[in-house]
Amino acid sequence: MSEWPKEPKQLGKEHVRYDGPIKVSGRAKFASDIQPGGWLYGMMLRSKWPAARIVAIDLQPALRIPGINAAVVANDPPFIVRFYGQEIAAVAGVSKQACLDALRAIRVESEPLPFVVKEEAALSNASPHVFENQPNAGVPRVLQVGDPNAAFQSADKIVEGFFQTSVQLHHALETHGNTIQLNDDGLTCWASTQGISGVKDSLADNLGVPLDRVRVISEFMGGGFGAKNGAGVEGGLAARLSKEAGGKAVRLMLTRFDEALAVGNRPSSFQKVRLGAKRDGTLVAYQLDAFGTAGYASGGMTAAGGGGAGFPAPYIYQVPNSRVQQTTVAINAGSARAMRAPGHPQASFGMESIVDEMALALSMDPLELRIQNDPSEIRRQQFRIAGDRFGWKAKYRSPGASSGPVKSGVGCGGATWGGGGHGSEAEVQINPDGTVEVRCGTQDLGTGTKTLIAIVAAEVFSTETSAITVRIGDTAFPASGGSGGSTTAASVSPAVFDACQNALRDLSVASGLADPRGTNWGPATSRLRINPVVARGRWKDGLSGHGVGGVQMAEVAVDIETGFIRVNRIVCVQDCGLVVNRLAAISQINGGIIMGLGFALYEERIIDAATGVVLNPNFETYKLPGIADIPEIDIFLQDMPERGVIGIGEPVTVPTAAAIANAVSNAIGKRVTRLPISPAQILVLVGKVPRIPVGAPNGQTGA
Amino acid sequence: MHNFEYAKARSVDGAIQLSTPDSRYLSGGIDLLGEMKEYIVSPKRVIDLKTIPDLDRIDKSTEIWKLGANVRIAEIAGNDQLRATLPGLAEAAVEVGSPQIRNVATLGGNLAQHSRCWYYRQRDLRCLKRGGNTCYALEGENKYHSLFSGNPCISPVVSNLAVILAALDAKVIVRRGEQEVTLTIPELYANAWDNPLAHNSLRPADLIVRVEVATAKNRSAYLQVSEKGDFDWALVSCAAAGQKTGSQWTQVAVFLGAVAPIPYAVDSTLLESSGLTSDSIASIAEDLASKATPLTHNGYKLPIAQALVRRCLARITV
Chain A
1 MSEWPKEPKQ
11 LGKEHVRYDG
21 PIKVSGRAKF
31 ASDIQPGGWL
41 YGMMLRSKWP
51 AARIVAIDLQ
61 PALRIPGINA
71 AVVANDPPFI
81 VRFYGQEIAA
91 VAGVSKQACL
101 DALRAIRVES
111 EPLPFVVKEE
121 AALSNASPHV
131 FENQPNAGVP
141 RVLQVGDPNA
151 AFQSADKIVE
161 GFFQTSVQLH
171 HALETHGNTI
181 QLNDDGLTCW
191 ASTQGISGVK
201 DSLADNLGVP
211 LDRVRVISEF
221 MGGGFGAKNG
231 AGVEGGLAAR
241 LSKEAGGKAV
251 RLMLTRFDEA
261 LAVGNRPSSF
271 QKVRLGAKRD
281 GTLVAYQLDA
291 FGTAGYASGG
301 MTAAGGGGAG
311 FPAPYIYQVP
321 NSRVQQTTVA
331 INAGSARAMR
341 APGHPQASFG
351 MESIVDEMAL
361 ALSMDPLELR
371 IQNDPSEIRR
381 QQFRIAGDRF
391 GWKAKYRSPG
401 ASSGPVKSGV
411 GCGGATWGGG
421 GHGSEAEVQI
431 NPDGTVEVRC
441 GTQDLGTGTK
451 TLIAIVAAEV
461 FSTETSAITV
471 RIGDTAFPAS
481 GGSGGSTTAA
491 SVSPAVFDAC
501 QNALRDLSVA
511 SGLADPRGTN
521 WGPATSRLRI
531 NPVVARGRWK
541 DGLSGHGVGG
551 VQMAEVAVDI
561 ETGFIRVNRI
571 VCVQDCGLVV
581 NRLAAISQIN
591 GGIIMGLGFA
601 LYEERIIDAA
611 TGVVLNPNFE
621 TYKLPGIADI
631 PEIDIFLQDM
641 PERGVIGIGE
651 PVTVPTAAAI
661 ANAVSNAIGK
671 RVTRLPISPA
681 QILVLVGKVP
691 RIPVGAPNGQ
701 TGA
Chain B
1 MHNFEYAKAR
11 SVDGAIQLST
21 PDSRYLSGGI
31 DLLGEMKEYI
41 VSPKRVIDLK
51 TIPDLDRIDK
61 STEIWKLGAN
71 VRIAEIAGND
81 QLRATLPGLA
91 EAAVEVGSPQ
101 IRNVATLGGN
111 LAQHSRCWYY
121 RQRDLRCLKR
131 GGNTCYALEG
141 ENKYHSLFSG
151 NPCISPVVSN
161 LAVILAALDA
171 KVIVRRGEQE
181 VTLTIPELYA
191 NAWDNPLAHN
201 SLRPADLIVR
211 VEVATAKNRS
221 AYLQVSEKGD
231 FDWALVSCAA
241 AGQKTGSQWT
251 QVAVFLGAVA
261 PIPYAVDSTL
271 LESSGLTSDS
281 IASIAEDLAS
291 KATPLTHNGY
301 KLPIAQALVR
311 RCLARITV
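Listed in order, the protein sequences are those of chains A and B. Under the numbering used here, the first residue of the first sequence is numbered 1, with each subsequent residue one higher. Under the numbering used here, the first residue of the second sequence is numbered 1, with each subsequent residue one higher.
Check before you lean on any hint, since a few could be wrong.
[Stated by the list, open to error] Only pairs whose alpha carbons sit at most 27 angstroms apart, straight line, appear in this in silico BS3-like list of lysine-lysine:
{"no.": "1", "chain 1": "B", "residue 1": "Lys60", "chain 2": "A", "residue 2": "Lys395"}
{"no.": "2", "chain 1": "B", "residue 1": "Lys60", "chain 2": "A", "residue 2": "Lys688"}
{"no.": "3", "chain 1": "A", "residue 1": "Lys96", "chain 2": "B", "residue 2": "Lys291"}
{"no.": "4", "chain 1": "A", "residue 1": "Lys23", "chain 2": "A", "residue 2": "Lys96"}
{"no.": "5", "chain 1": "B", "residue 1": "Lys228", "chain 2": "A", "residue 2": "Lys670"}
{"no.": "6", "chain 1": "B", "residue 1": "Lys244", "chain 2": "A", "residue 2": "Lys688"}
{"no.": "7", "chain 1": "A", "residue 1": "Lys96", "chain 2": "B", "residue 2": "Lys37"}
{"no.": "8", "chain 1": "A", "residue 1": "Lys48", "chain 2": "A", "residue 2": "Lys157"}
{"no.": "9", "chain 1": "A", "residue 1": "Lys118", "chain 2": "B", "residue 2": "Lys228"}
{"no.": "10", "chain 1": "B", "residue 1": "Lys60", "chain 2": "B", "residue 2": "Lys50"}
{"no.": "11", "chain 1": "A", "residue 1": "Lys48", "chain 2": "B", "residue 2": "Lys37"}
{"no.": "12", "chain 1": "A", "residue 1": "Lys96", "chain 2": "B", "residue 2": "Lys228"}
Calculated directly from the structure, the hints in this document are not laboratory data.
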């Protein structure tokens, strides 16, 4: 079994991005920058109807627009569209405007069908069906542990709540899309993807191109968060357009508008929760009755298996008796896809909220109640470490206790995540001039994978990261699998480590020098003459780990006259195994917390019930945290190098919203029941809104 | 967007001569280009005003500020002298958009901007304001909509500057054909109260030339509440201004934004008679409740409006 060095020189230090300079100077070419000779713009026509039978599509008027080279239908009519924004056709042309004109020229004959876009309405017997002859609600998943009925009977305290989370969109800054060239030589795809291998397989399969003729490149890409695992409908259409256009490359990148409709989201949740405990704080009984939507396909057809609106319950706490029932309900809206820690932020919000309610009912410190019922030794430590850094004991006061219109409050929450490594491979080439090239068929989601590879290689070769040339994002390199589930660092690092060790051994043999590193490097490599050392390596057990906790605490200020919420501070304690790049780890945690803050306060896809259209398909009304909204973030990395490399991309976004919601509830003395928490909800909760409509969305429902 | 002719105006007269029933004026373009890209408007001719000399001038005398229509929001936000004399105006300007937007957007454009209602801006809907039959917001997603309206369209005015300029009794100088007409802010928006199709009272070829603000009101303040801390539309905005001579208050005016199709005048007559006491302030804020018509999702705007009225008036009394 391999082992990481005990006293590393590069691992765990602070390294700036390997590719920072070319990214900030605009020289890095992302999928949306690629311009092969003769390339065409590609654009898509989407359904204006939330449900309709598409009877006929006439592409001829589009093909007559000057500058248009190709037009294809997404499906041969007749077919049924089931959400606003579903793909109908696509065009390719020499300018964006020509494509826009062509899309407007396409004639679509359709018969609108009844539709439903709100979860509660879709559950009703009277609701239109998203799929004819099928109920909108799937078969509930029921999981029972122990004897919850008896346990509730024996409980000293029972608390109940109804909690909702909204559909959150991925909205990576680089939109989905590809530049694809399909000609007699084969297919080349420059993709904005988190899985070049998956894109290769899906394109080859869908288009019937042999795998040896397909190459997928993604050297730089602008974020994925779980929604960019395959080539997508847009990839298939771009390939067909390229073929139609005589093999010219077609660059089909989605617009921001498209991103809000058709390329994934985090499912909503409506959680009726009941929790029972003994007087001493021991949790004994838990019941959950939940539903949510994963969009029209309701889980079955979503990419990356992220579909379904279910989530882990009772999440991180130990409750010996539980009954969990979860239902996924289809609505006429775009499908869910895996989104950064699928299920967990929803789970965390519901559970941490009800645990806080139980602490109140028992007159216990919520932090102590958590420590008492958390089965994870690591997370119990984290709660204590975070409490000390945060000053929990001094800051926690009974709900609504602060004076004046601006109330302060604190809250906390915890997370769990699996992660772990998989069978990545990598290849190292040591050239006779002493230069080193590492090749790995992974991709960099923006998490700093290239830098990580350079660090590992520099560690093995006792050199600096600047001496390493890193090549990734090309299916011509050894396969490494997709970047999802917080597995990239844990997969790639061991593979690169193994390849480098193998290369070092080969160099030693070839040069006859026992240790070719340091001052021996030049003499050793010069003995290679014309044959570089090329060695491969693969992920090996023992170099990576899995299973992390994570705890966050939030401090907020809430103006109860205006409802305005300001998060002032977040403390995060995260275990992370062996840290490869301290700066990148902290950067990733910052990003996760900011994303969690958006989920807590701002983000919500809003669909109009009467028309079925998405009302906020832009950053003006789909609100993301800005600089002014970002609190002081205090991060404590709980190093455990003996556990190997562990990914932390997902756990760090999980507990943020729960901690913020608990802090807001603590500030105002009323329980927050819905994410995002808006000024509207605050003002309803504190009783300042004159009329409270029953069952209305947008923060105006009570638990 | 559809093709259009592009014409550069060299003078106000030239701009008026270039205008046609199907033309639109372009200055910062922040609002117009968005509408054109979404095919909400498709002018046959776009008349660029940025080439008109002196339309971006700021002239100041002791009694009056004259701000050209092309003055950029960033200049209003960053002008120290203006902030010293008309603090509420600078405060309102700082809250407009982002630095990038403020560097491009202009005073005239801010006043003349169109509805931000998400039904109005939705590319596949044709709402009442766009000539359709229905205000979808009325029974739909109306959390950002009006508490007060004189017509079935409930999209609110969102210009920050209109709210403070109303409180400051500003005059808007408009070229209407051969004539120069002077409108108060309430007059500039009056049509939007009655007419669902109207964003303001400007006629198609009308051109805002400048805004004149007297310095007589030596106290002014602007506040807004948004969901986000910055770069976000106001859920409710509020401006107050008045003249304080010794302990005597005159001409106190309070206006609300984002709650009506026009800058909404808060009845402040009580303040003239009773002075700016905490009781009188609380009373006029309280009074709003009887006049508002909250909808399913926007009732929360009322307490915000009331809080902002109190806070704005408290600010100017300090």
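- Task: Could you tell me which of the hints above the structure violates, numbers in ascending order?
- Result: Of the numbered hints, 1, 2, 3, 6, 8 and 12 do not hold.
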